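Chains S and P supply the protein sequences, listed in that same order.
Using the numbering used here, the letters of the first sequence map in sequence onto residues 119 to 921.
Using the numbering used here, the letters of the second sequence map in sequence onto residues 24 to 278.
No false leads were mixed into what you were given.
Calculated lysine to any residue pairs in the SDA-like style (CA-CA distance at most 20 Å, straight line):
hint: 1; chain 1: S; residue 1: Lys704; chain 2: S; residue 2: Thr837
hint: 2; chain 1: S; residue 1: Lys453; chain 2: S; residue 2: Gly423
hint: 3; chain 1: P; residue 1: Lys161; chain 2: S; residue 2: Arg283
hint: 4; chain 1: P; residue 1: Lys161; chain 2: S; residue 2: His303
hint: 5; chain 1: P; residue 1: Lys161; chain 2: S; residue 2: Ala281
hint: 6; chain 1: S; residue 1: Lys704; chain 2: P; residue 2: Val28
hint: 7; chain 1: S; residue 1: Lys266; chain 2: S; residue 2: Arg186
Calculated from the model, a selection of chain P residues having no Cβ within reach of chain S, i.e. all distances over 10 Å:
hint: 8; residue: Ala146
hint: 9; residue: Arg205
hint: 10; residue: Gly215
hint: 11; residue: Ala251
hint: 12; residue: Gly268
What the simulated footprint calls covered on chain S by chain P, stretch by stretch (three residues with Cβ under 8 Å from a Cβ of chain P suffice, anywhere in the stretch; the number is not a length):
hint: 13; stretch: 565 to 573
hint: 14; stretch: 607 to 615
Please keep in mind that the hints were generated in silico from the structure rather than gathered at the bench.
All figures in this text were calculated on a predicted structure; none of them were measured in a lab.
C-beta: ideal position from N, C-alpha, C; glycine also.
Letter by letter, the chains look like this.
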Amino acid sequence: MNALPDRYQASDEVILRGPGDGRTLAQRLSKRYASRITGAFVVPGREGSFAPLPEDLPPALANALRERGIGQLYSHQHEAWVATQAGAHVAVVTPTASGKSLCYTLPVIAAAMQHNAKALYLFPTKALAQDQVAELLELNQAGNLGVKAFTFDGDTPGDARQAIRLHGDVVVSNPDMLHQAILPHHTKWAQFFENLRYVVIDEIHTYRGVFGSHVANVIRRLQRVCAFYGVTPQFILCSATIGNPQEHAEALIESPVIAITRSGAPTGDKHVLLWNPPVINPDLGLRASARSQTNRIARLAIKSGMKTLVFAQSRSMVEVLTKYLKDVFDHDPRKPPRIRAYRGGYLPKERRAAEREMRAGNVDGIVSTSALELGVDIGSLDVVVLNGYPGSVAATWQRFGRAGRRQQSALGVLVASSDPLDQYLVRHPEFFQGASPEHARIAPDQPLILLDHIRCAAFELPFRGDEVFGNEAATPWLEILGEEGVLHREGDRWEWIADSYPANAVSLRSVADGNFVVVDRTGGKQTIIAEVDFSAAAVTLYEGAIHMIQSVPFQVERLDWEGRKAYVTRTHVDYYTDAIDYTRLKVLDCFDSSSAGRGHAHHGEVHVVRRVAGYKKIRYYSHENIGYGPVNLPDQELHTTAVWWQLTQRVLDAEFDDRQQALDGFLGAACAIHIVATVAVMAESRDLQKSVGSGDGAWFVSADISGRGQLRGADGQPTSLAADAPFTPTVYLYDAFPGGVGLSAPLFERREDLIARSQSLIERCDCRGGCPACVGPVLAADEDAHASPKAAALRVLALLAAL
Amino acid sequence: MSPDVRRLLQRHAQLRHGPPVRASSDRDVSGVELSPGLRYIEILADWLAPPPLIETAFARWPEPVATRRLLHFDTETTGLAGGTGTRAFMIGAADWLADGRLRLRQLTTTSMAAESAMLRTFAQWIEPDTVLVSYNGKCYDAPLLRTRYRLARLADPLAGLGHLDLLHPVRRHWKGCWENCRLATAERQLLGVVREDDLPGSEAPAAWLSYLRGGSAKDLRRVAEHNAQDLKSLAGVLLYMSALGDIPGASGPRR
Numbered sequence: 119m120n121a122l123p124d125r126y127q128a129s130d131e132v133i134l135r136g137p138g139d140g141r142t143l144a145q146r147l148s149k150r151y152a153s154r155i156t157g158a159f160v161v162p163g164r165e166g167s168f169a170p171l172p173e174d175l176p177p178a179l180a181n182a183l184r185e186r187g188i189g190q191l192y193s194h195q196h197e198a199w200v201a202t203q204a205g206a207h208v209a210v211v212t213p214t215a216s217g218k219s220l221c222y223t224l225p226v227i228a229a230a231m232q233h234n235a236k237a238l239y240l241f242p243t244k245a246l247a248q249d250q251v252a253e254l255l256e257l258n259q260a261g262n263l264g265v266k267a268f269t270f271d272g273d274t275p276g277d278a279r280q281a282i283r284l285h286g287d288v289v290v291s292n293p294d295m296l297h298q299a300i301l302p303h304h305t306k307w308a309q310f311f312e313n314l315r316y317v318v319i320d321e322i323h324t325y326r327g328v329f330g331s332h333v334a335n336v337i338r339r340l341q342r343v344c345a346f347y348g349v350t351p352q353f354i355l356c357s358a359t360i361g362n363p364q365e366h367a368e369a370l371i372e373s374p375v376i377a378i379t380r381s382g383a384p385t386g387d388k389h390v391l392l393w394n395p396p397v398i399n400p401d402l403g404l405r406a407s408a409r410s411q412t413n414r415i416a417r418l419a420i421k422s423g424m425k426t427l428v429f430a431q432s433r434s435m436v437e438v439l440t441k442y443l444k445d446v447f448d449h450d451p452r453k454p455p456r457i458r459a460y461r462g463g464y465l466p467k468e469r470r471a472a473e474r475e476m477r478a479g480n481v482d483g484i485v486s487t488s489a490l491e492l493g494v495d496i497g498s499l500d501v502v503v504l505n506g507y508p509g510s511v512a513a514t515w516q517r518f519g520r521a522g523r524r525q526q527s528a529l530g531v532l533v534a535s536s537d538p539l540d541q542y543l544v545r546h547p548e549f550f551q552g553a554s555p556e557h558a559r560i561a562p563d564q565p566l567i568l569l570d571h572i573r574c575a576a577f578e579l580p581f582r583g584d585e586v587f588g589n590e591a592a593t594p595w596l597e598i599l600g601e602e603g604v605l606h607r608e609g610d611r612w613e614w615i616a617d618s619y620p621a622n623a624v625s626l627r628s629v630a631d632g633n634f635v636v637v638d639r640t641g642g643k644q645t646i647i648a649e650v651d652f653s654a655a656a657v658t659l660y661e662g663a664i665h666m667i668q669s670v671p672f673q674v675e676r677l678d679w680e681g682r683k684a685y686v687t688r689t690h691v692d693y694y695t696d697a698i699d700y701t702r703l704k705v706l707d708c709f710d711s712s713s714a715g716r717g718h719a720h721h722g723e724v725h726v727v728r729r730v731a732g733y734k735k736i737r738y739y740s741h742e743n744i745g746y747g748p749v750n751l752p753d754q755e756l757h758t759t760a761v762w763w764q765l766t767q768r769v770l771d772a773e774f775d776d777r778q779q780a781l782d783g784f785l786g787a788a789c790a791i792h793i794v795a796t797v798a799v800m801a802e803s804r805d806l807q808k809s810v811g812s813g814d815g816a817w818f819v820s821a822d823i824s825g826r827g828q829l830r831g832a833d834g835q836p837t838s839l840a841a842d843a844p845f846t847p848t849v850y851l852y853d854a855f856p857g858g859v860g861l862s863a864p865l866f867e868r869r870e871d872l873i874a875r876s877q878s879l880i881e882r883c884d885c886r887g888g889c890p891a892c893v894g895p896v897l898a899a900d901e902d903a904h905a906s907p908k909a910a911a912l913r914v915l916a917l918l919a920a921l
Numbered sequence: 024m025s026p027d028v029r030r031l032l033q034r035h036a037q038l039r040h041g042p043p044v045r046a047s048s049d050r051d052v053s054g055v056e057l058s059p060g061l062r063y064i065e066i067l068a069d070w071l072a073p074p075p076l077i078e079t080a081f082a083r084w085p086e087p088v089a090t091r092r093l094l095h096f097d098t099e100t101t102g103l104a105g106g107t108g109t110r111a112f113m114i115g116a117a118d119w120l121a122d123g124r125l126r127l128r129q130l131t132t133t134s135m136a137a138e139s140a141m142l143r144t145f146a147q148w149i150e151p152d153t154v155l156v157s158y159n160g161k162c163y164d165a166p167l168l169r170t171r172y173r174l175a176r177l178a179d180p181l182a183g184l185g186h187l188d189l190l191h192p193v194r195r196h197w198k199g200c201w202e203n204c205r206l207a208t209a210e211r212q213l214l215g216v217v218r219e220d221d222l223p224g225s226e227a228p229a230a231w232l233s234y235l236r237g238g239s240a241k242d243l244r245r246v247a248e249h250n251a252q253d254l255k256s257l258a259g260v261l262l263y264m265s266a267l268g269d270i271p272g273a274s275g276p277r278r
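Excised from the complex, chain S in its bound form (with noise of 0.2 Å):
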């Protein structure tokens, strides 16, 4: 590790004068960096609400819960045994830290210990569900109340299966389990099923986007399978802070619930602070990193004695903030690291040794990715700082959430990255502060998804008739699946006759199944130190790319695709490595067409390729580019749903000088309409992406280094046009999702508003020539108000307008 002085010793001692709360950190970041400062408001905490435990609680439960130091309940807590016993389904949604668990506790111990109920316990994450038994296995203890509770999970040994199947009252799973593991066996869960009495399905807010519409359709096969062992059970779920609880519950188990809004848990006041990094070169409109910013602040909290965590984006990010801060705080090998990293990809024991060291409070500072957004326990914390938007308004509150005691007062910092969505938010506070948050939206009966877990359908039990699955007849599917040969007809039943099991092949988190191993070669053993999603591998494990983990550089020397497998070594290089994307498009299909202003939207179905042409070179700290290498990987390919806007040669050749000033403007009204579609919509911005093409699909655009257009052929080399080529330049915005997911069809009833929202983004941009926020980054010499990239961009936009 490299030691380094602490060189920030006396410019943070301006700061720091004796140890803080949330406020006073918060005050004395204001007063030092008040230009940095877009938007700053105060969340007041509030006094707790409380009601007795309720009468009918069983009288164990009841002491139980007295021995463990629980005389009374939060009202929400409440609220939720009174609707359980009253037969409902009940969501319920509030803050991170409020009791939820004890909403679905209460009433599954209490059927388990009355009637030999039984539950199944649904979380996102294996953590999570550990977390949970363990708390159940207190409380039992506590009580003696003889309810048995086991998680059920991939980790779990053959020979235990059978005793959890059978004597488990409460078994604490996840949906990819449920999935592929107890449903396909459903016969040998018979008699937990016969007596299935509560579902209790937490963080649903994850549920969302594809994940959330995989997830319906495995509680659609749920319901399917308890109906034939006769049993309807009860659905309790819990949801962090959304827009649409009640309507997301009742999308995912297609029911009506009742949604438990209301929090009684008492917080303390939350500060936030909205940061924009400073301006190094405002013509440029180019900022200092956000990394730079989210390393001051998360440096000045814990020196000032303060438990903080940061968020940041992508795994890589974690690595490189958890290497800046320990450079302050570990460089003595001595004594026990104040800094941890925690991510997906760490081994599941690495990951449970960090939350063990952070609820112990011996962590000063944790850097991590969205996997502590949920429900993990890692104890009280002071300060939440975000490198860079999360993507939404409900993430973002989730993860503020993560700071707060109940008496003191907590700071919450979010820092805008150069990322358009970043820039726009932070400079429109009053859209953050006035915003609700987000609506989660499922689309369970898109099409591809319906046929994969029809297909699982069918293996677990037969079709008969005209059986209804969702919403749909199932009928077509049915018959799809018996060309394929899956499914053999027999009368009016459809049988399952193949020799697979289904559900192997049907991942609920990604597109494309099978995950990466990365491993370790360094001195001639081969251990495995990571795994990585395959959504996330081409642009992390090409060769040459530096893999972090714990902040230790690993460079990848062979990546075996086929085999999932990437090969690294130990390295002691002093930079990072970011890899160069490319996507193309192709127009198969056109749904619906209509004017727009003197040009042409579109909505059908594209082909897409995506391809990693090569990577970068970073330099720490300094950020420089100190080169760039190759890579050779597979593209990846997509068939999915867009939306498009073109303008005919004809308006171009009268309304632009060049060919070249029209690509510009085409590039820069796509960032324009992406930022405004991605907000319009509510998608994460993974989910929708954007493309500057032909309308053929002869030849795409990138931004070039200086940020101006520059022509690629369907070989993703540089090439150009000649002067007699037709010339249809295209914006594209297709759903990241084979098939789409519902995205396209709601931005082509909005076209007109799109269009007319990005022309006022642009103009109300104070940038001259144009900036990341607006129509990407621009370089110094574009100035020119004529022909600007902004100019062009909208003057693009105007005759695409409303006439």
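Please arrange chain P on chain S, whose structure you already have, making use of the hints.
Leaving out everything else, chain P in the frame of chain S:
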């Protein structure tokens, strides 16, 4: 479903492009029809001579078992994938008659709907004191049938019965001596049985599926022959094992 959606789905469906099943005029499945889609074959075989009591020390059972209580059974299934989607399309069972002959009884379904009738018929062959004999049946055939009975909403007739699974004793005794411990190897080594024109068990699923889709019944008849030989070998291997007495290294009593 719109044509667009159908096209999208068809593009993503995992369509297999194997040779299509040719409609065949050879649709003759062996046996008599007990009910629509359910065929029954019965063979009385002169095969070895069992003693009235079978020694079970090789399996570490405390007492011998009366030969008349034995029911040797073996299923032919649609595959090895496991779970609720795998079914038995044929159940064969063998028991010793009082006259010392081995009675082979086989049930074959020629339609999906006949499964329930097959399961009921097989259940009638089982008495409360029946002792099952199988080769890997504890891990494979019995759980599979348990699943099928559960799906058909019928009581599981195998529940609580004694079950001599010969795979494990054979493994304990000959693992490392033979190239493998499959039944075909055991019957050759212990009984000198050599099969001719045997349809490998792995081809059984395709034989049934092809018949179901209108193809030839020829391979399905060969599956029945294969199954019959399995039953005879099962009975033979049991007699051989029981004559061995206690096997050193055998672990605890199994019932």
